[in-house]
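Chains W and E are the protein sequences, given in the same order.
Counted the way full-length UniProt numbering counts, the first sequence spans residues 1 to 519.
Counted the way full-length UniProt numbering counts, the second sequence spans residues 1 to 519.
Check each hint, because a few of them may be wrong.
Remember, identical chains collapse to one label, so a pair may be satisfied in a single copy or spanning two.
[Said to hold, decoys possible] Listed below are the simulated EDC-like cross-link pairs for lysine to aspartate or glutamate, each with C-alpha atoms no more than 20 Å apart in a straight line:
1) Lys-91 x Asp-345
2) Lys-449 x Asp-28
3) Lys-449 x Glu-34
4) Lys-91 x Glu-156
5) Lys-36 x Asp-47
6) Lys-449 x Asp-476
7) Lys-91 x Glu-34
8) Lys-449 x Glu-518
9) Lys-91 x Asp-47
10) Lys-449 x Glu-512
11) Lys-414 x Asp-493
12) Lys-449 x Glu-27
13) Lys-414 x Glu-512
14) Lys-449 x Asp-47
15) Lys-36 x Asp-55
16) Lys-414 x Glu-457
Worth flagging that the hints you see were computed from the coordinates, not collected in a lab.
What follows is the residue order along each chain.
2 protein chains.
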Amino acid sequence: MLSRLLPDRDMSEIPENFLPIESIGIEDIDNLFESKCFSRHASQAIDQLITYLGDRSTRGLALTDPAGIRAAVTRLTLGGQTSDTAEHDRKLAEIVDLYLQTGIQVYSPGYMGRQFSGPFPVTAVVDMVSAIATQPASFYEAGALPCVVERVMSEEFNRFLGFPSDRFTMFTTSGGSLANLTALLAARGRRYPQAWGEGMGETDCCPAIAVSSDVHYSITRAAGILGIGENRLVRLPLDHARRITPAGAREALDAAAARGLDVFCIVANAGSTSFGAIDPLDELADMAAERGIWLHVDGSHGGSLIVSDRLRPRLAGLNRADSLTLDAHKTMFVPAACTLLFYRDRDQATAAFRQEASYVFENTSDVYSEYNSADRNFECTKRPMIMSLWALWAMYGRTAIAEKLEALCDMTRKAHGILSVAPDFVPLHLPETNILCFRYLPNEQLSPKALGALQTEIRSRVRARGRFFISKVDIDGVSALRLVLMNHRITTDHIRQMLDEVRAVALTIREEFPQSEEI
Amino acid sequence: MLSRLLPDRDMSEIPENFLPIESIGIEDIDNLFESKCFSRHASQAIDQLITYLGDRSTRGLALTDPAGIRAAVTRLTLGGQTSDTAEHDRKLAEIVDLYLQTGIQVYSPGYMGRQFSGPFPVTAVVDMVSAIATQPASFYEAGALPCVVERVMSEEFNRFLGFPSDRFTMFTTSGGSLANLTALLAARGRRYPQAWGEGMGETDCCPAIAVSSDVHYSITRAAGILGIGENRLVRLPLDHARRITPAGAREALDAAAARGLDVFCIVANAGSTSFGAIDPLDELADMAAERGIWLHVDGSHGGSLIVSDRLRPRLAGLNRADSLTLDAHKTMFVPAACTLLFYRDRDQATAAFRQEASYVFENTSDVYSEYNSADRNFECTKRPMIMSLWALWAMYGRTAIAEKLEALCDMTRKAHGILSVAPDFVPLHLPETNILCFRYLPNEQLSPKALGALQTEIRSRVRARGRFFISKVDIDGVSALRLVLMNHRITTDHIRQMLDEVRAVALTIREEFPQSEEI
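I would like the entire structure built from these sequences, with the hints used as guidance.
Shown next, in the form of structure tokens:
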């Protein structure tokens with residue numbers, strides 16, 4: 001795998017005759033828009049993708065020195081643009097080849113490390129169609145189909161989510177970070193309606209947001225962006241499985257109030273990034289209701305569990321949230337970004353943004369503008385990201401997603417079982433989703449610092465070997481290894497092989513550093 | 001065109017046997033990941049796209065009643081998911097057909113109305129490859145190729161932009177609105193470094209942003225989002241061509257200071273949304289430098305002019321901006337979103353966000369993490385949007401983009417010429433880019449209100465006829481018609497035909513409303 005990573009010729013050499021040409025003429029440009037040009041390019045790329053998807057080998061990431069990739073990119077960038085179609089074909093082939101060889105091999109069972117996956121291949125076809133069809137999805141006029149599809153899909157999801165059907169809303173937005181920011185903005189707008197016009201300088205109390213101590217960085221960033229202040233986060237304590245503890249949360253909220261902080265929003269995880277932990281949503285909803293606080297659930301990773309009849313109970317209480325982020329590009333297996341943002345009450349959604357722009361916003365509402373989402377989503381030009389998810393749902397059915405997700409969660413539990421009985425490993429929690437953190441335990445007792453350093457070194461070396469890709473995470477300052485199972489082709493055999501790989505690299509580390517504390 | 005918009009069977013009827021099935025099995029799911037499944041889907045979609053791209057007819061938007069589309073979408077969503085591959089193929093064909101028939105027909109010369117275009121078809125192929133290759137572009141580990149490509153492309157662009165080569169930075173982000181927000185955040189961070197941690201409540205002066213009176217709504221939104229306050233915008237006056245006047249700007253800035261406002265950022269347009277107007281960047285840069293103000297240039301529409309040797313002089317002074325937004329999905333003809341955000345000084349870029357997340361951010365910088373952009377861009381999972389732009393640039397050369405852009409700007413000037421000599425039209429400005437606003441003038445004298453209402457009605461009716469698609473814009477409260485020429489196949493004949501269409505609908509309006517003031 002590593003050996004075929006890059007073309008074997010010397011890529012740092014840029015021939016003299018590869019200097020850019022200065023003109024190709026409008027007729028040549030027009031040819032590039034001809035259907036036969038598209039046909040040639042597309043057929044060729046598809047052949048390459050077929051080969052790629054057919055490769056069932058176990059492999060991780062071929063982590064390459066940037067200098068090698070850079071030389072290849074530079075050569076392709078600077079060299080020899082002509083109107084010669086054969087040359088175009090050759091270059092495209094090289095670009096696609098380079099693309100498929102670099103990066104994490106997400107369709108391989110060796111990939112066990114991040115929250116994205118090789119999407120259902122049909123979604124890639126839909127992305128291609130989306131690029132040609134050009135229906136930006138914030139306004140019905142330009143994006144009639146995706147706008148309607150968002151509406152229909154919102155109703156599909158709400159069959160499982162259970163928000164009030166006459167009041168809820170859902171729309172797509174460009175990534176979980178943007179969805180979280182948007183929801184927090186709506187929460188801010190509810191508590192401080194004057195902030196939009198007058199700024200946060202006019203709030204005379206101390207706005208604050210309560211978050212899981214395992215909050216995603218997009219939430220802490222949002223506090224900085226929105227003028228709340230990153231230091232105004234109230235971190236709620238966690239149990240051994242990294243879930244917010246209701247009692248701890250009550251105490252922390254009381255203490256915050258005593259310090260003069262006005263907590264206007266609680267952010268809970270439904271599938272934390274580190275552990276896949278699901279916070280006690282029902283208890284947090286009680287607390288939020290009692291205190292008049294907005295409850296936002298960051299379900300970027302685990303929100304999709306609602307589409308599985310078997311997994312849905314893990315999200316009990318979700319229907320009581322004020323807002324919910326769900327990344328379909330994580331656990332619904334479509335290309336990034338495809339994030340769904342739900343609000344229990346659509347009036348709160350439109351309060352997030354207020355603006356006027358005559359070239360896009362109509363003053364009068366009509367049958368068309370009712371389908372616009374631009375008053376609720378951040379983007380002006382929004383990619384019709386819903387289309388790939390919808391195609392998948394319409395063609396194969398919800399159950400294709402749900403059953404893949406169930407298979408992944410089941411396999412993660414099996415991995416937990418394997419780790420539990422292995423003498424040289426310790427799983428750190430019973431996985432609630434498809435994420436599992438664990439540590440390798442050497443024979444000798446190590447300090448926490450050395451134990452963490454060992455995990456980090458193991459992770460780097462496993463990655464460097466190129467067969468398996470796992471990730472690492474810091475837990476209270478001590479590193480751990482982390483599995484994210486995104487490929488339904490991963491079997492217990494692959495898990496065992498990966499653990500053997502960890503053992504093997506741990507052995508080499510031991511040989512290099514006989515004093516383990518020095519790693 | 002209209003007649004073939006939707007399948008002609010009754011779509012509101014959902015047969016009983018189309019109820020969703022409840023299980024398809026993991027083996028069936030695995031088949032959906034097989035290369036032969038992808039091959040079948042892709043080949044079929046490509047055939048449909050070839051037919052679509054081959055249609056050279058003049059047509060605009062088939063604006064459809066949402067109910068019709070909704071019925072079709074509902075039928076496809078609810079009906080008959082099975083593991084039968086023939087059924088999958090049939091559904092995909094129907095989805096693609098529906099997709100291509102709805103929406104604005106952007107590859108047709110009848111389309112003259114918005115800032116997106118039918119992209120170079122090869123970019124759609126690259127989008128498909130991107131979906132399979134799955135290289136999210138914020139971190140080198142996952143997105144090695146797009147991370148390197150961003151770096152190389154930043155250098156390519158800077159050959160024309162002229163920022164200090166040892167200090168500037170460029171990265172992609174998901175849309176012009178997000179790029180503008182990010183740049184304003186960097187500007188806020190420079191003036192109020194404590195705001196990130198402590199919130200905007202701690203700033204004891206009155207932060208304000210000076211903007212063109214024709215500012216895009218994403219900027220006014222950003223003021224609301226960042227805790228500055230939408231009411232803290234200082235609007236700079238415009239000349240007849242809707243460009244900021246330097247003298248007026250000085251006065252407005254002085255007046256703002258006298259009112260106790262601390263203007264920390266000026267936002268200028270390089271291609272305003274309404275007019276395509278380019279503000280006097282050199283004079284504004286002088287003003288910003290004198291007063292220690294950040295200069296952000298919203299070049300979402302017109303920033304791409306820098307790649308044309310002939311058009312570049314229109315952007316004189318751009319190299320003195322602190323930051324620049326450029327939407328390649330507008331005037332570089334790639335799929336949305338593909339936005340480039342430039343900073344003259346990369347240290348300012350990293351000051352926009354501050355955070356820590358052990359599962360993604362490495363504390364130590366190495367040869368790989370140096371290529372990460374997550375410390376500068378908002379997104380965690382970022383679409384590798386640079387890839388389609390790069391493929392275009394590498395395969396066909398910069399000149400393919402530049403010459404298409406020149407052809408569009410030239411044709412817009414020709415349209416201006418045609419309107420200038422027509423007795424029943426008045427162009428409102430000499431176009432600086434490919435956007436031109438104008439009004440139809442009836443024989444009789446109308447009040448401004450009635451004149452505006454007439455334009456709005458003309459625009460709606462032209463749109464409804466389905467042959468041409470133009471847009472409208474409000475100028476100081478009075479509507480005007482607006483051309484945005486994005487298709488190099490538009491000729492002066494098409495312009496004349498469109499004007500004839502306007503005349504024809506104006507005549508029908510006249511017949512229906514003999515008293516023009518009553519429109």
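Outcome of the hint check:
1. Lys-91 x Asp-345: Close neither inside one copy (51 Å) nor across copies (34 Å); limit 20 Å.
2. Lys-449 x Asp-28: Neither: 62 Å inside a chain and 47 Å across chains, both beyond 20 Å.
3. Lys-449 x Glu-34: Neither way: Lys-449 and Glu-34 sit 61 Å apart in one copy and 45 Å across, limit 20 Å.
4. Lys-91 x Glu-156: between (43 Å within a copy, 18 Å between copies)
5. Lys-36 x Asp-47: both (17 Å within a copy, 11 Å between copies)
6. Lys-449 x Asp-476: within (11 Å within a copy, 65 Å between copies)
7. Lys-91 x Glu-34: Within. Shortest intra-copy distance 18 Å satisfies the 20 Å Cα cut-off; inter-copy 27 Å does not.
8. Lys-449 x Glu-518: Close inside one copy (10 Å), not across copies (80 Å); limit 20 Å.
9. Lys-91 x Asp-47: So Lys-91 and Asp-47 pass the 20 Å test inside one copy only (15 Å; across, 23 Å).
10. Lys-449 x Glu-512: within (18 Å within a copy, 83 Å between copies)
11. Lys-414 x Asp-493: within (11 Å within a copy, 69 Å between copies)
12. Lys-449 x Glu-27: neither (65 Å within a copy, 45 Å between copies)
13. Lys-414 x Glu-512: neither (33 Å within a copy, 74 Å between copies)
14. Lys-449 x Asp-47: Intra 49 Å, inter 59 Å, cutoff 20 Å: neither.
15. Lys-36 x Asp-55: Result: close only across copies, 12 Å inter versus 29 Å intra.
16. Lys-414 x Glu-457: neither (25 Å within a copy, 65 Å between copies)
Against the hints set out earlier in the document, violations occur for numbers 1, 2, 3, 12, 13, 14 and 16.
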